[in-house]
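Chemist: All chains, please: the whole structure from these sequences, using the hints.
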Amino acid sequence: MAELTNFHELKQHIALLASVEKTDALFISCYLNLKNSQTSWQDALNKQAQLLRGMLKGNNLADFEDTLEKTEAWLGSNLSPNAEGVALFARSTFGGGFLLPMQFSAPLPNWITAYPTPNTYYLAKLMENRHHHYWCSQWWDSVSADWLCRRSQRPVLQAASQ
0 MAELTNFHEL KQHIALLASV EKTDALFISC YLNLKNSQTS WQDALNKQAQ LLRGMLKGNN
60 LADFEDTLEK TEAWLGSNLS PNAEGVALFA RSTFGGGFLL PMQFSAPLPN WITAYPTPNT
120 YYLAKLMENR HHHYWCSQWW DSVSADWLCR RSQRPVLQAA SQ
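Just so we're aligned: 14 in numbering that gives the first Met the number 0 is position 15 of the sequence shown, and the numbers increase by one with no gaps anywhere.
Bear in mind the hints are in silico, worked out from the structure with no lab data behind them.
Pairs of lysine-lysine, PhoX-like flavour, derived with a Cα cap of 25 Å: (1) Lys124 x Lys10; (2) Lys34 x Lys124; (3) Lys21 x Lys69; (4) Lys124 x Lys21; (5) Lys56 x Lys46; (6) Lys56 x Lys21; (7) Lys46 x Lys124; (8) Lys34 x Lys69; (9) Lys10 x Lys21; (10) Lys69 x Lys56; (11) Lys34 x Lys10; (12) Lys46 x Lys34; (13) Lys69 x Lys46.
DEER-style ranges, computed between Cβ atoms: (14) Thr116 x Ala1: 16 to 26 Å; (15) Asn58 x Ser36: 28 to 38 Å; (16) Lys10 x Met54: 26 to 36 Å; (17) Glu2 x Lys34: 12 to 22 Å; (18) Ser76 x Asp42: 14 to 24 Å; (19) Glu2 x Lys56: 34 to 44 Å; (20) Asn5 x Gly53: 32 to 42 Å; (21) Lys34 x Gly75: 12 to 22 Å; (22) Glu64 x Lys10: 25 to 35 Å; (23) Thr112 x Ala14: 13 to 23 Å.
Since we're looking at a predicted model, the values are computed, not measured. Positions of the beta carbon are idealized from the N, C-alpha and C atoms, including for glycine.
Modeler: Put into structure tokens, the structure is as follows:
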């Protein structure tokens, strides 16, 4: 079972995905919200895959089916019980074979694309949100509660000793 992806790993994975060479084989970029229920994200994946099947022809359809099968196999056996969102990037062996799954403690939208290069839009948004959260928590840790209370002219709460 895979562990949750941390901020440092996320930055490395985005750099790796950005460097992937474009080929004739399609890349599946799959984002799933695991927060609700297993049937919820599975239904979303099936519906969006069905839409893509209707647009793909020939080798692209065969590559898509092969890649989707690998994606579903990974999802069926590797999800962490702590994950609320997953991003999975895959390409068939025809295009050089690639599988990069990531799990997060934050939900992601249910969204799947098939394109010659990975779509990292929601990874960038997640990184932006995590960076903002990190900056705010660092700021908050550096501000003393005493200073905040003096600024608001409210007394500092202290436990009474007996």
